[in-house]
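Peer 1: Going down the list, the sequences are from chains A and B. With the first letter of the first sequence counted as 1, position 44 gets the number 44 in this note's numbering; the numbers rise by one all the way through. With the first letter of the second sequence counted as 1, position 44 gets the number 159 in this note's numbering; the numbers rise by one all the way through.
Think of the hints as simulated: they come from the structure by calculation, not from any bench. Just so you know, these numbers come straight off a predicted model, no measurement behind them. Worth double-checking, as some hints may not be accurate.
[Said to hold, decoys possible] Listed next, the in silico DSBU-like pairs over lysine-lysine satisfying Cα-Cα at most 35 Å (straight line): (1) A/40 x A/71; (2) A/67 x B/216; (3) B/117 x A/36; (4) B/216 x A/9; (5) B/117 x A/44; (6) B/117 x A/71; (7) A/67 x B/160; (8) A/41 x B/194; (9) B/157 x A/44; (10) B/194 x A/9; (11) B/117 x A/40; (12) A/19 x B/117; (13) A/41 x B/117; (14) A/19 x B/216; (15) A/22 x B/117; (16) A/41 x B/160; (17) A/36 x B/216; (18) A/41 x B/216.
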Amino acid sequence: DTAVSQTPKYLVTQMGNDKSIKCEQNLGHDTMYWYKQDSKKFLKIMFSYNNKELIINETVPNRFSPKSPDKAHLNLHINSLELGDSAVYFCASSPGQGAGEDTQYFGPGTRLTVL
Amino acid sequence: RKEVEQDPGPFNVPEGATVAFNCTYSNSASQSFFWYRQDCRKEPKLLMSVYSSGNEDGRFTAQLNRASQYISLLIRDSKLSDSATYLCVVNPDAGGTSYGKLTFGQGTILTVHP
Numbered sequence: 001d002t003a004v005s006q007t008p009k010y011l012v013t014q015m016g017n018d019k020s021i022k023c024e025q026n027l028g029h030d031t032m033y034w035y036k037q038d039s040k041k042f043l044k045i046m047f048s049y050n051n052k053e054l055i056i057n058e059t060v061p062n063r064f065s066p067k068s069p070d071k072a073h074l075n076l077h078i079n080s081l082e083l084g085d086s087a088v089y090f091c092a093s094s095p096g097q098g099a100g101e102d103t104q105y106f107g108p109g110t111r112l113t114v115l
Numbered sequence: 116r117k118e119v120e121q122d123p124g125p126f127n128v129p130e131g132a133t134v135a136f137n138c139t140y141s142n143s144a145s146q147s148f149f150w151y152r153q154d155c156r157k158e159p160k161l162l163m164s165v166y167s168s169g170n171e172d173g174r175f176t177a178q179l180n181r182a183s184q185y186i187s188l189l190i191r192d193s194k195l196s197d198s199a200t201y202l203c204v205v206n207p208d209a210g211g212t213s214y215g216k217l218t219f220g221q222g223t224i225l226t227v228h229p
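Okay, chain A solo, but in the shape it has when bound (with noise of 0.2 Å):
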C-alpha cells in the first residue's frame, strides 16, 4: 500500500524514559513532518525535513530530536519523557516542499502516554 506509516500506533511509558517513534512514506514525496496533537486536539507543527534537511524546528523542548536517515524516513526521539508529552504525534509528508497548496498526506499516528 502506498502511505504513510508510523510505529508504534501506542506507546506507554514511564516518565524520564527515552522512546522513538518512526515514520516511514512510499509515495516519493521530499519532504516529511511531524506534528503533535494534544488533549485538546489542536494540531501543531514540530518539525520539518525536505530531502533529509531540516528545514522547520518550531519552539519544542531540545528532548526532542527528529533525525532523517533518508528523505523516506524522519524517526522522532524523546528523551527524558514527561507527562505533557502524551499526546497523539502524527508523521505527514508532502511531494514539494509544504509552500502553497502543497499537499500533506498524515500517517495514523503514535498515541503517547506518558505515566
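Add chain B to chain A, keeping to what the hints say.
Peer 2: This is chain B only, laid out in the frame that chain A set:
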C-alpha cells in the same frame, strides 16, 4: 487571538440537513487555505482546498473572503458518514519560504444522526 479560530460545536444535525462551518484567521498575508477532515482517533485528511472564487466538490462548497479573513464550508444533504471533526487550515505563505507551516484550527465537531 488564535491564528485560526473555529466554532468547536458540536453540531448535531439530521441526515439530509445543510450545515455551515466558519473559520477566521489572523494573518492577513496567508495565501493558501484548506479544509481537512479528521475522524475519531484517525489522522487528518484533506477534504478540499479553498479558493477566493469559491469552489465546490459534490455536496461540499468552500468559500474564502480575504477582506474579512474568513473561510466557510457548507455541507448539503448531510450523510451519516459526514460525522467527523472538520479542521480549518491555513498556510501562511505561498512563497518559496513557506515550508509548509500549516496552522490548524481546533476543529468543529459534526454529528449527523438518522
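Peer 1: Please work out if residue 117 of chain B and residue 71 of chain A have their alpha carbons no farther apart than 35 Å.
Peer 2: Holds: residue 117 of chain B and residue 71 of chain A sit about 33 Å apart, inside 35 Å.
Peer 1: With the threshold set at 35 Å, check whether the alpha-carbon distance from residue 67 of chain A to residue 216 of chain B stays at or below it.
Peer 2: 19 Å, holds
Peer 1: Has the given pair, residue 67 of chain A with residue 160 of chain B, been kept, meaning a C-alpha gap of at most 35 Å?
Peer 2: 25 Å, holds
Peer 1: Run the distance test for residue 19 of chain A versus residue 117 of chain B: straight-line Cα separation, threshold 35 Å.
Peer 2: 32 Å, holds
Peer 1: Could you grab the alpha-carbon distance between residue 216 of chain B and residue 9 of chain A and see if it respects the 35 Å cut-off?
Peer 2: 25 Å, holds
Peer 1: Between the alpha carbons of residue 117 of chain B and residue 44 of chain A, is the straight-line distance 35 Å or under?
Peer 2: Satisfied, since the Cα-Cα distance of roughly 13 Å is no more than 35 Å.
Peer 1: Just to be careful, I want the Cα atoms of residue 194 of chain B and residue 9 of chain A compared with a cutoff of 35 Å; is the pair within it?
Peer 2: Answer holds: residue 194 of chain B to residue 9 of chain A is near 30 Å, not above 35 Å.
Peer 1: Taking 35 Å as the top limit, are the C-alpha atoms of residue 41 of chain A and residue 216 of chain B close enough?
Peer 2: 17 Å, holds
Peer 1: Within 35 Å, alpha carbon to alpha carbon, are residue 117 of chain B and residue 40 of chain A?
Peer 2: 14 Å, holds
Peer 1: Is the Cα-Cα distance between residue 36 of chain A and residue 216 of chain B 35 Å or less?
Peer 2: 13 Å, holds
Peer 1: Keeping to a limit of 35 Å between CA atoms, is the pair of residue 41 of chain A and residue 194 of chain B held or broken?
Peer 2: Satisfied, since the Cα-Cα distance of roughly 24 Å is no more than 35 Å.
Peer 1: Just to be careful, I want the Cα atoms of residue 22 of chain A and residue 117 of chain B compared with a cutoff of 35 Å; is the pair within it?
Peer 2: 31 Å, holds
Consistency with the previously given hints is maintained throughout, with no hint failing.
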